[in-house]
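Enquirer: Use the sequences and the hints to build the structure in full.
Residue numbers (this note's numbering), protein chains in the order written: chain A, 1 to 179; chain B, 1 to 279.
To be clear, the hints were calculated from the coordinates, so they are not data collected in a lab. Built from N, CA and C at the ideal position, the CB exists for glycine as well. Any given hint could turn out to be false.
As the list claims (entries may be wrong) - Derived lysine-lysine pairs resembling DSBU-like cross-links, with alpha carbons at most 30 Å apart:
| # | chain 1 | residue 1 | chain 2 | residue 2 |
| --- | --- | --- | --- | --- |
| 1 | A | Lys100 | A | Lys132 |
| 2 | B | Lys161 | B | Lys207 |
| 3 | B | Lys47 | A | Lys141 |
| 4 | A | Lys100 | B | Lys183 |
| 5 | B | Lys173 | B | Lys158 |
| 6 | A | Lys100 | B | Lys173 |
| 7 | B | Lys185 | A | Lys100 |
| 8 | B | Lys47 | B | Lys156 |
| 9 | B | Lys173 | B | Lys185 |
| 10 | B | Lys47 | B | Lys161 |
| 11 | B | Lys52 | B | Lys185 |
| 12 | A | Lys132 | B | Lys156 |
| 13 | B | Lys207 | B | Lys185 |
Stated by the list, open to error - What follows is a list of derived Cβ distance ranges for each label pair:
| # | chain 1 | residue 1 | chain 2 | residue 2 | range |
| --- | --- | --- | --- | --- | --- |
| 14 | B | Ile219 | A | Phe98 | 28 to 38 Å |
| 15 | A | Glu174 | B | Val191 | 32 to 42 Å |
| 16 | A | Pro127 | B | His121 | 21 to 31 Å |
| 17 | A | Glu65 | B | Cys246 | 52 to 62 Å |
What the hints assert, rightly or not - If you want the ones that stay clear, here's a sample from chain B, every Cβ over 12 Å from chain A, calculated:
| # | residue |
| --- | --- |
| 18 | Cys6 |
| 19 | Asp77 |
| 20 | Asp81 |
| 21 | Gly104 |
| 22 | Asn116 |
| 23 | Ala127 |
| 24 | Arg129 |
| 25 | Asp132 |
| 26 | Ala133 |
| 27 | Glu162 |
| 28 | Ile215 |
| 29 | Arg218 |
| 30 | Cys230 |
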Amino acid sequence: MAAKIKIATTSLAGCFGCHMSFLDIDERLLKLADVVEFDRSPLTDIEHCGPCDIGLIEGGVCNSENVHVLREFRANCKILVAVGACAINGGLPALRNFFKLEDCLLEAYQDGIGVDNPQIPNDPELPLLLDKVRPVHEIVKIDYFMPGCPPSADVFWSYLSALIEGRDPTLPYELVHYD
Amino acid sequence: MSGTLCIDGITVPFSDGQTIIEAARSAGVYIPYLCHRPGYAPYGSCKLCTVKVNGRTNTACTLPAADGQTVISNSPDLQYDRQRITQMLFVEGNHFCPSCEKSGNCQLQAVAYHQNMLDNHYPHFYAQRELDASHPDILIDHDRCIFCNLCVRASKEKDGKEVFGIAGRGINKRLIVNSPSGKLKDSDISVNDEAAHVCPTGAILVKRSAYLAPIGERIYDQHPISEVACEKAAIKAGEARGYGSCDPTRLPSPSQQNGGPDSHYAATMPPAPDIKHGR
Numbered sequence: 001m002a003a004k005i006k007i008a009t010t011s012l013a014g015c016f017g018c019h020m021s022f023l024d025i026d027e028r029l030l031k032l033a034d035v036v037e038f039d040r041s042p043l044t045d046i047e048h049c050g051p052c053d054i055g056l057i058e059g060g061v062c063n064s065e066n067v068h069v070l071r072e073f074r075a076n077c078k079i080l081v082a083v084g085a086c087a088i089n090g091g092l093p094a095l096r097n098f099f100k101l102e103d104c105l106l107e108a109y110q111d112g113i114g115v116d117n118p119q120i121p122n123d124p125e126l127p128l129l130l131d132k133v134r135p136v137h138e139i140v141k142i143d144y145f146m147p148g149c150p151p152s153a154d155v156f157w158s159y160l161s162a163l164i165e166g167r168d169p170t171l172p173y174e175l176v177h178y179d
Numbered sequence: 001m002s003g004t005l006c007i008d009g010i011t012v013p014f015s016d017g018q019t020i021i022e023a024a025r026s027a028g029v030y031i032p033y034l035c036h037r038p039g040y041a042p043y044g045s046c047k048l049c050t051v052k053v054n055g056r057t058n059t060a061c062t063l064p065a066a067d068g069q070t071v072i073s074n075s076p077d078l079q080y081d082r083q084r085i086t087q088m089l090f091v092e093g094n095h096f097c098p099s100c101e102k103s104g105n106c107q108l109q110a111v112a113y114h115q116n117m118l119d120n121h122y123p124h125f126y127a128q129r130e131l132d133a134s135h136p137d138i139l140i141d142h143d144r145c146i147f148c149n150l151c152v153r154a155s156k157e158k159d160g161k162e163v164f165g166i167a168g169r170g171i172n173k174r175l176i177v178n179s180p181s182g183k184l185k186d187s188d189i190s191v192n193d194e195a196a197h198v199c200p201t202g203a204i205l206v207k208r209s210a211y212l213a214p215i216g217e218r219i220y221d222q223h224p225i226s227e228v229a230c231e232k233a234a235i236k237a238g239e240a241r242g243y244g245s246c247d248p249t250r251l252p253s254p255s256q257q258n259g260g261p262d263s264h265y266a267a268t269m270p271p272a273p274d275i276k277h278g279r
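Expert: In structure tokens form, the structure reads like this:
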């Protein structure tokens with residue numbers, strides 16, 4: 001029996017909607033489970049990903065931890081896939097790029113309506129925010145891009161089928177959506 | 001003058017005054033464009049319709065059709081250039097399709113779909129651009145302006161008003177409004193003006209009309225832009241599609257090259273082979 005293909009997934013600055021869409025492949029998950037094994041993912045709760053065949057990255061890059069995770073995925077995954085609008089162009093989190101980081105922090109933690117005990121979080125455990133939210137391809141090389149907000153379950157299935165077969169994934173017109 | 005020209009192996013008739021892009025559309029041959037619009041004078045700014053005519057590079061929207069021309073449009077290198085041009089348009093502005101009212105009805109988005117553009121390739125500018133929602137019926141989100149000049153031309157040539165203009169050059173180029181305050185509310189634009197409806201992206205929007213058609217049921221959710229553009233032309237001309245072949249080396253469209261809507265997402269999963277890709 002051939003060794004199972006290892007897949008790792010993570011969400012950076014995203015809403016986990018892409019992961020939810022991935023789960024929407026429904027009963028096809030069982031077919032997938034026959035041929036793949038999950039490394040780091042929300043299903044396994046593994047902290048650091050090991051050597052993998054496919055890495056799926058949801059979300060943009062908004063802080064130092066996102067950079068570390070992304071680089072770890074790149075170093076460990078033979079194929080890295082940017083999943084969804086946030087990973088591809090920054091998406092909703094990138095809307096903060098039009099404001100100064102300082103103004104965002106002040107609005108969220110100090111001056112905003114209803115803020116109780118106003119203070120800017122300053123725990124050394126917290127990852128530092130980047131001045132801008134960036135798409136993942138601006139940090140590491142990305143092999144494939146899966147568009148959509150989120151990509152539909154059929155897009156996930158189409159991509160994974162192709163990658164597992166060793167083909168370049170391609171999408172028919174009706175599956176390509178940026179919204 | 002009329003006659004025929006050859007576009008990607010298809011014999012296409014043309015009539016007096018038609019450009020290559022109009023002759024192609026009438027014959028059901030789609031050449032991508034954004035700054036062009038039927039009934040408007042040729043402008044030639046977006047360069048998406050760049051084709052090779054008798055071996056030389058030209059914009060199909062500005063070059064008059066002539067008898068015996070050999071036009072190459074659907075070649076891999078021209079498609080590559082078109083995809084890169086479209087990607088540049090996406091990174092120069094702020095095009096967040098999931099939060100745009102025009103999504104599904106947007107020509108820029110539809111052209112990108114047509115070209116199978118899956119990423120933006122270039123680093124994003126995240127340009128700082130303002131929103132003008134001052135007018136009671138119309139708003140401008142400068143984030144999405146691609147400087148196609150269609151609103152400028154519509155206001156001047158169709159509405160007789162000159163509400164819009166393009167100021168500045170290069171990265172400082174911007175759409176301006178001809179009013180004392182620079183705001184749309186102080187201009188003489190009306191919601192019935194053609195300029196309010198001509199924008200190929202979500203830059204100029206008519207308020208309270210965004211969700212008349214739900215997402216998923218909009219024009220380009222249902223039909224590729226190649227179909228929409230050419231069907232309108234074919235209906236107008238009262239002609240059926242399908243002409244003779246003039247060159248056996250006709251190239252497939254990008255979506256055909258990608259395999260088309262077939263069994264990509266059939267509910268089967270093959271046995272796990274070795275992953276063949278590397279970094």
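Enquirer: Now, for every hint given, state plainly whether the structure supports it.
Expert: Against the structure, the hints:
1. A/Lys100 with A/Lys132: Given pair A/Lys100, A/Lys132 holds - Cα atoms ~9 Å apart, limit 30 Å.
2. B/Lys161 with B/Lys207: 21 Å, holds
3. B/Lys47 with A/Lys141: 29 Å, holds
4. A/Lys100 with B/Lys183: Holds, at about 25 Å.
5. B/Lys173 with B/Lys158: 24 Å, holds
6. A/Lys100 with B/Lys173: 23 Å, holds
7. B/Lys185 with A/Lys100: Within the cut-off at roughly 29 Å; holds.
8. B/Lys47 with B/Lys156: Roughly 22 Å between the alpha carbons, so the hint for B/Lys47 and B/Lys156 holds.
9. B/Lys173 with B/Lys185: 22 Å, holds
10. B/Lys47 with B/Lys161: Holds: B/Lys47 and B/Lys161 sit about 27 Å apart, inside 30 Å.
11. B/Lys52 with B/Lys185: 44 Å, violated
12. A/Lys132 with B/Lys156: The given pair, whose Cα atoms are some 40 Å apart, is violated under the 30 Å limit.
13. B/Lys207 with B/Lys185: Roughly 13 Å separates the two Cα atoms, so the pair holds.
14. B/Ile219 with A/Phe98: 28 to 38 Å: 29 Å, holds
15. A/Glu174 with B/Val191: 32 to 42 Å: 33 Å, holds
16. A/Pro127 with B/His121: 21 to 31 Å: Hint holds: Cβ distance 28 Å, inside 21 to 31 Å.
17. A/Glu65 with B/Cys246: 52 to 62 Å: 59 Å, holds
18. Cys6: 27 Å, holds
19. Asp77: The assertion about B/Asp77 holds, with a minimum of 19 Å to chain A.
20. Asp81: 19 Å, holds
21. Gly104: Its Cβ does come within 12 Å of chain A, the nearest being 7 Å, so this is violated.
22. Asn116: 7 Å, violated
23. Ala127: 9 Å, violated
24. Arg129: 8 Å, violated
25. Asp132: B/Asp132 clear of chain A: closest Cβ-Cβ about 15 Å, beyond 12 Å.
26. Ala133: 16 Å, holds
27. Glu162: 30 Å, holds
28. Ile215: B/Ile215 not clear of chain A: closest Cβ-Cβ about 6 Å, inside 12 Å.
29. Arg218: 10 Å, violated
30. Cys230: Check passes; 15 Å lies beyond 12 Å.
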